[in-house]
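Chain order of the listed sequences is A and B. Sequential numbering from 1 applies to the first sequence in the working numbering. Sequential numbering from 1 applies to the second sequence in the working numbering.
Worth flagging that the hints you see were computed from the coordinates, not collected in a lab. The C-beta atom is built at its ideal place from N, Cα and C for all residues, glycine as well. Watch out, some of these pointers could steer you wrong.
Here are the simulated distance ranges between beta carbons [unchecked claim]:
1) B:N217 with A:G83: 53 to 59 Å
2) A:Q126 with B:A161: 56 to 62 Å
3) A:G157 with B:L438: 36 to 42 Å
4) A:G83 with B:Q87: 48 to 54 Å
5) B:P437 with A:Q126: 25 to 31 Å
6) A:R118 with B:E126: 54 to 60 Å
7) B:V74 with A:A14: 49 to 55 Å
8) A:H119 with B:N441: 29 to 35 Å
9) A:L63 with B:G37: 54 to 60 Å
10) A:G83 with B:V624: 41 to 47 Å
11) A:Y129 with B:D743: 26 to 32 Å
12) B:L675 with A:A14: 55 to 61 Å
13) A:A85 with B:T586: 40 to 46 Å
Derived pair list, reagent style SDA-like, types lysine to any residue, alpha-carbon separation capped at 20 Å [as the list claims (entries may be wrong)]:
14) B:K118 with A:P21
15) B:K566 with B:T578
16) A:K91 with B:I20
17) A:K91 with B:R26
18) A:K91 with B:D665
19) B:K136 with B:R699
20) B:K127 with B:R45
21) A:K91 with B:R45
22) A:K3 with B:P432
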Amino acid sequence: MSKLHVQTRVNGEACEFLCDPRQSLLDSLRDELGLTGTKEGCTTGDCGACSVLLDGRLVCSCLVLAPEAEGREITTVEGVAQGEALHPVQKKILEHAALQCGVCTPGIVVAAKALIDRHPNPTEEQARYWLAGNLCRCTGYDKILRAVLDAAAEMRGEV
Amino acid sequence: MSQKRSFQQVGTRPIRHDGIDKVTGRANFGADFSLPGMLWGRVLRSPHAHAKILSIDTTKAEASEGVKAVISGVDFPAISPSSSDGQTDFRDLSRNVMAREKVLYHGHPIAAVAATSKQLADEALEKIIVEYELLKPVLSLDEALAPGATILHDDLKTRGADPPSEEPTNVASRIELGRGDPEAAFATADVIVDREFTTQMVHQGYIEPHAVVARTNEDGQSLIWCTTQGPFMIRAYCARLLGLDASKIRVTPSEIGGGFGGKTTVYVEPLAVLLSQRSGRPVKMVMTREEVFRATGPASGTRIRVKLGAKNDGTLVAGTAEMYYEAGAFKGSAVAAGAMCLFASYDLQDFRIEGYDVVLNKPKVAAYRAPGGPMAVFASESVMDELAEKLEIDPIDFRLHNAAREGVQATYGPKFNVIGLIETLEAAREHPHYKAPLGPNQGRGLGCGFWFNAGMQSTASVSLNEDGTAVVVSGCPDIGGSRTSLALMAAEELGIPVERVRPVVGDTETVGVNDGTGGSRVTFATGMAVIEAAQKVVQELRERAAAIWGVEVDQVGWQEGRAQPKDGGEHEPLDIETIARRAGRTGGPITASSSLTARGAGPSFATHICDVEVDPETGFVRVVRYTAIQDAGKAIHPGYVEGQFQGGAAQGIGWALNEAFVFDDEGKLENPGFLDYRIPVASDLPMIDTLIIEVPNPRHPYGVRGVGETPIVAPLAAVANALHNATGARLRDLPMSPPRVLDAIDSVR
């Protein structure tokens, strides 16, 4: 099967790649573009490890076909920090020891950033439901929730 | 460790050294590694739970586009029936990674293909023709144990049976544990509770699937990059299964995306090596989520009967138990550990436990966090709760009255050294959670947990850089922050900030043998090796300072990262940077390593308090408050110790309420995905409060006890006991799903 040429923007940079028409965006990011920060946990949209932003909207990249990225804006975990400056969510995850194995962490970083972008002052319940699609088997979510709420507070200038 | 030591670094909460790599996505996990010219390997798996393999025809697959190698059972060396290292039967292991005469579970590997793309490999799999003769699958303990049961293995006889079995059977072993005269002791009891419990197979549910890249060089050396809890285990197992010398295999562990015991064996690694040998190309294999659920180790389903008797004053007098554990397709459940764990929290002098390891047509079980323990303690702690209720004694007081303590002979054999069960129970009694009011349809339950913890082999080296910073190398993959706990211990000994210590997980050729990351052993045992190696470095630093000053080494002390003259000596202190810079001129680079088999792993005990709210209309159970209290001995990095408590509690809550493998009548796994095998998500759980108790382990230089496994032992019973207090009903079958809860509520209405 001949490959498709896809033009897109990834983490603010113009970007193009070739893909099998059946390939997922997740596989293209990882295998064609070498952006392995986005993790594969299930390929069925159940675990959230492959969360990315597509035109600012949170999606599981395993459920998006790579050709659908044509002309769109993608943010992966690699694009969350600004140069050497970590995003407050990343910083707070580190400060709160809110990761153990860390394989879910990139997806959680992207999802939590999207949450705070949309709801700058989330309640714990809002954050729990927003992150319900991001499975973590290690932490029991306690420290993750504390980190995300703390990051939101910092971004509101309350800390 | 006789008295409490004061620490500068240990007990603080620094940011982990690998943290930035993990929050930015730079960390390389199993599937993130690739090599030029790499092929993709895929596995053909059995669509049947039990069948004879009549023939496998791979010719069409071999001729398929892009295919460079195809392997099946005939390509593996024969392994003699008695080949075992005492823990692992290599003949069984070889047949688990690739079926031979029979397939024994839905998902059992039949053949594997390496091709130039994933898609071409998948297409080739469809061209492999396998003829089966279907056999009746054995899917429950009852079916496996029934007279005339279908037999999985014609050569399996019951080990430890009395009298020994003559005929082949599905019972792989019988174990017995006990002392005293429980029957006579039961006669002195005022209250006896005798109950049966069942649990289903559950999966470790790590988020990262198994992944490997293997490359075999022209000189016959195979390089393996993979996600594992034990790179040395991968080396040893691949060598055994493929008939290679260990020196022909080098294993580099990737970052590991969870394991919980499930990554302590091999699945795709030997296949990738064999495919790379055959193709002459690097081969990458990544399991799908469905493959992970169908064909990697769950924990046993169990049936456990527990009988306990007590006197009216609350003294336990006797106990018996019968335990049946599903091993899956090959022998080797954790029934023995479960039996040893069952009554371990209590001072019980007259008891007997029988345990049975039973094979059936389900995936071979693997270790899962405190293997064997949670199901056993679900049964015993539920019976303890019922006894306390009948005796009208507060459940904490009842447990305190019978609690294991220093000097008590454990039910699993040795006398307890200093342990912290009583401290966790007393802390629970004083905790605001235990006194907080409950709302309507809410109930509170308690569970105690215990785990032995392991020591085993560790090697670590500590090297000083020219600028006085240090590198710590061990061979234990960091699954939950252990790099930083090891760095903290080195920093403590050297007297330098933890940020000036860089911890590294080595591969099998850069560091001596380390047993795997499991058994709650890394911070305890590898920590000991780090402490010893760092102490050797400090000794060397003192010797260099003595040489520079022209004094005897015993006149040089080491404090706050500096050589200080003792006994009124007048030299200016020499800091570590200065000594390191001059090392080349005072005797050469400064480095030391330590290898040991760690003894004295202190058991860790926990008390968990759980509040649930039950919807009487739907049977839905929600955990509304949870507190995990556990003895860590000494918490090296309290943040990550708390994380272990919380993660174990969450897994236990999932096991109690939602999680179970569901098989259809043919033995096909019906829920091989996270949608239907539902581990707890953020909205399912409350905040999980923690309280770290520190009763130092006298046999560790800092007092450390392993903490990783105990936290999953207590929650099953804590949830069940809370549910009882909310509804009046006792659930003895897991998971406590809404239909079961509704039935139970109806039965007590």
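Against the structure shown, which of the earlier numbered hints fail to hold, in ascending order? 1, 6, 9, 12, 18, 19, 21 and 22
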